[in-house]
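**Q** Single-letter residue listing:
There are 2 protein chains.
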Amino acid sequence: MRIILCGFGVVGQSLVKLFDSRSDELYAKYGLKPRVVGVFDSKGSAVDKSGLDLYKLVEVKKKFGTVKNYSKTKNSMSGTDMLKNIEAEVLIETTASNYKDAEPGMTHITTAMKNSMHVISVNKGPLALAFPSLLELAIYNQVMFKFSGTVGGGTPILDYAKNSLSGERITSFAGILNGTTNYILTNMASGLSFEEALKDAKDKGYVEADESLDLDGLDAAAKLVILANWIMGMKVTLPDIDCSGIRKVTVKDIGKAAKKNCAIKLIASCDKELIVGPKEIPNDDPLCVNGTLNAIAFTSEHSGTQTIIGKGAGGMETASSILRDLLDIRQEIARD
Amino acid sequence: MRIILCGFGVVGQSLVKLFDSRSDELYAKYGLKPRVVGVFDSKGSAVDKSGLDLYKLVEVKKKFGTVKNYSKTKNSMSGTDMLKNIEAEVLIETTASNYKDAEPGMTHITTAMKNSMHVISVNKGPLALAFPSLLELAIYNQVMFKFSGTVGGGTPILDYAKNSLSGERITSFAGILNGTTNYILTNMASGLSFEEALKDAKDKGYVEADESLDLDGLDAAAKLVILANWIMGMKVTLPDIDCSGIRKVTVKDIGKAAKKNCAIKLIASCDKELIVGPKEIPNDDPLCVNGTLNAIAFTSEHSGTQTIIGKGAGGMETASSILRDLLDIRQEIARD
Numbered sequence: 001m002r003i004i005l006c007g008f009g010v011v012g013q014s015l016v017k018l019f020d021s022r023s024d025e026l027y028a029k030y031g032l033k034p035r036v037v038g039v040f041d042s043k044g045s046a047v048d049k050s051g052l053d054l055y056k057l058v059e060v061k062k063k064f065g066t067v068k069n070y071s072k073t074k075n076s077m078s079g080t081d082m083l084k085n086i087e088a089e090v091l092i093e094t095t096a097s098n099y100k101d102a103e104p105g106m107t108h109i110t111t112a113m114k115n116s117m118h119v120i121s122v123n124k125g126p127l128a129l130a131f132p133s134l135l136e137l138a139i140y141n142q143v144m145f146k147f148s149g150t151v152g153g154g155t156p157i158l159d160y161a162k163n164s165l166s167g168e169r170i171t172s173f174a175g176i177l178n179g180t181t182n183y184i185l186t187n188m189a190s191g192l193s194f195e196e197a198l199k200d201a202k203d204k205g206y207v208e209a210d211e212s213l214d215l216d217g218l219d220a221a222a223k224l225v226i227l228a229n230w231i232m233g234m235k236v237t238l239p240d241i242d243c244s245g246i247r248k249v250t251v252k253d254i255g256k257a258a259k260k261n262c263a264i265k266l267i268a269s270c271d272k273e274l275i276v277g278p279k280e281i282p283n284d285d286p287l288c289v290n291g292t293l294n295a296i297a298f299t300s301e302h303s304g305t306q307t308i309i310g311k312g313a314g315g316m317e318t319a320s321s322i323l324r325d326l327l328d329i330r331q332e333i334a335r336d
Numbered sequence: 337m338r339i340i341l342c343g344f345g346v347v348g349q350s351l352v353k354l355f356d357s358r359s360d361e362l363y364a365k366y367g368l369k370p371r372v373v374g375v376f377d378s379k380g381s382a383v384d385k386s387g388l389d390l391y392k393l394v395e396v397k398k399k400f401g402t403v404k405n406y407s408k409t410k411n412s413m414s415g416t417d418m419l420k421n422i423e424a425e426v427l428i429e430t431t432a433s434n435y436k437d438a439e440p441g442m443t444h445i446t447t448a449m450k451n452s453m454h455v456i457s458v459n460k461g462p463l464a465l466a467f468p469s470l471l472e473l474a475i476y477n478q479v480m481f482k483f484s485g486t487v488g489g490g491t492p493i494l495d496y497a498k499n500s501l502s503g504e505r506i507t508s509f510a511g512i513l514n515g516t517t518n519y520i521l522t523n524m525a526s527g528l529s530f531e532e533a534l535k536d537a538k539d540k541g542y543v544e545a546d547e548s549l550d551l552d553g554l555d556a557a558a559k560l561v562i563l564a565n566w567i568m569g570m571k572v573t574l575p576d577i578d579c580s581g582i583r584k585v586t587v588k589d590i591g592k593a594a595k596k597n598c599a600i601k602l603i604a605s606c607d608k609e610l611i612v613g614p615k616e617i618p619n620d621d622p623l624c625v626n627g628t629l630n631a632i633a634f635t636s637e638h639s640g641t642q643t644i645i646g647k648g649a650g651g652m653e654t655a656s657s658i659l660r661d662l663l664d665i666r667q668e669i670a671r672d
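Chains as they are written, first to last, in our numbering: chain W, 1 to 336; chain B, 337 to 672.
Hints may contain errors.
[As the list claims (entries may be wrong)] DSS-like cross-link-like pairs, simulated, lysine-lysine; straight-line CA separation at most 27 angstroms:
1. W:162 <-> B:365
2. W:256 <-> B:596
3. W:162 <-> B:596
4. B:408 <-> B:398
5. B:540 <-> B:571
6. W:260 <-> B:379
7. B:399 <-> B:379
8. W:272 <-> B:385
What the hints contain is simulated information worked out from the structure, not anything from laboratory work.
So here's chain W without its partners, still in its complex pose (with noise of 0.2 angstroms):
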């Protein structure tokens, strides 16, 4: 299977690295050759379209910070070009998420889409501004488009709701899908004050280039988006949530939720409304996680409520959900 990689930072590396060390399993199982034939990141590309060789990939991504270099010519083509003009029947798009405007993963994805490639995306850029419009250009398009790492990273949380609990509904959700600023609260509750937490997430690597993407709840509203539209079926997008952070909790209100048995947590909920904003969790409900772990409930009507809890981000860990999304097509592919 011929495959455009757009971006390749952290995740994008890890999926090569992935590629390679399970190529002869990945075969013999479940009949994949994946074949990357090219890759774009932010200063350049590399192409090849009899596949390019990933190891070489990720030696000159350590050495020169780009891919550009892979070849002498030093290939400057953009990833919208590439998909216009390398053949491949899988987009996997990695690029960082950007809620203003989604670019440029929202041109890779469209693009890759009227090219009748199929489409798997960890960007919740594109998805959390244009799901429902995505979904439709999907099905219009006759492509599958998967986004399995965008909630819960390695943790397959949407593909448990989904299927998993097929035949039976989801009457409402609540969760913690932000491992920062998890992170965060759980120190300032072992004392740390709100400034010293944050420190001590940005030197761990925890915190995204734009903080404000964990603080203000923004990446948590995203994965909201995207459950609310996979899962309940809803048709909304990032503006209809009733999105707050956590940089008005205080370590008094933390305290405070102490002596109740209870902690603070940035919860992402679905019951009506779709809200995302700090909450007091009992200690003793397993939705109650600490550290940089993630946890999602749901409650249905027939079987209670189900919790789950996974590490929610990671290269590693979102490179193997992106495998899983390429399995999935693979399977269907053959089936048809």
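Keeping the supplied structure of chain W fixed, place chain B upon it in accordance with the hints.
**A** Chain B only, in chain W's frame:
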């Protein structure tokens, strides 16, 4: 779809109520028209080749304690005879789990398979004692064999591990798979003695008629057998489990654990060895859930540890898992 239902306790009754209340939706949304042509309980049977009246069935059971009085002739056909003589596509096996010889469930399941019927079992006995050979028998007879409700009740633990995590290698898992012992241990942690906690659990109807199934870990061990076979591809049965229960756990042990910020839980684990026994679990581990909750943590190669928490039992919850299995069978048949 014609169904023979063996066993008509809480789960069986919840299931026919579910069929009755959701019949329009099941047909419109999934093309499923469940027609129960035979029901067998310990005292007798009810049979109607054109489909039993489900409402009447529940009323008769309530009034007489058996479905035998459904018709004036008082049918006393055995489950096995029914499976041999009444045409149907699916057996739903819900008789009580028995870990000595697994009867009558074992004969029901093997008879159905030999008669080319698909089988859904929430009876753990036959799976605990003969999982590998039952799976072989199903393959040999080209029938589907589903058992989602045997582990986790309404929480789709088996489906999650098998399907949502497909493409991922699960390397080990550990779980609280028996809600009754978890309830007893939770109450002992809040100060009750073992005897008091057991009495309370009995009063609430949480304890199996044969209390040893809960207290000596047999129920958890049966679930571990099912998980080990289905998720890890092992070929094991009940005697392969190193199994101990909670009878020897003292309030003193629990107090000692608490000082280390731990709780004692009955853990079923698969990590090279298959073990059921009491174990200290840190309070802030997502696995450390209280009350009657069940929890299981899967550790995979690339996606870290993921924990699922939910109600492990309950008539309606287990019935909803049977319905999911039935929808799966419906879909598979449609695909052929």
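**Q** Now look at each hint and say whether the structure bears it out.
**A** Evaluation of the provided hints:
At roughly 15 angstroms between alpha-carbon atoms, residue 162 (chain W) and residue 365 (chain B) fall within 27 angstroms of each other, so this suggested pair holds. Among the hinted pairs, residue 256 (chain W) with residue 596 (chain B) is consistent with the structure: their alpha-carbon atoms are about 25 angstroms apart, no more than 27 angstroms. Proposed proximity of residue 162 (chain W) and residue 596 (chain B) is contradicted: the alpha carbons are some 39 angstroms apart, above 27 angstroms. Our distance criterion of 27 angstroms between C-alpha atoms is met by residue 408 (chain B) and residue 398 (chain B), whose separation comes to about 17 angstroms.
With a C-alpha separation of about 36 angstroms, the suggested pair residue 540 (chain B) and residue 571 (chain B) falls outside the 27 angstroms cut-off, and the hint is violated. Between residue 260 (chain W) and residue 379 (chain B) the CA atoms are separated by roughly 52 angstroms; this puts the pair beyond 27 angstroms, and the hint is violated. Distance check on the hinted pair: residue 399 (chain B) and residue 379 (chain B) sit about 14 angstroms apart at the alpha-carbon level, within 27 angstroms; holds. Between residue 272 (chain W) and residue 385 (chain B) the CA atoms are separated by roughly 44 angstroms; this puts the pair beyond 27 angstroms, and the hint is violated.
Checked against the numbered hints above, the structure violates hints 3, 5, 6, 8; every other hint is satisfied.
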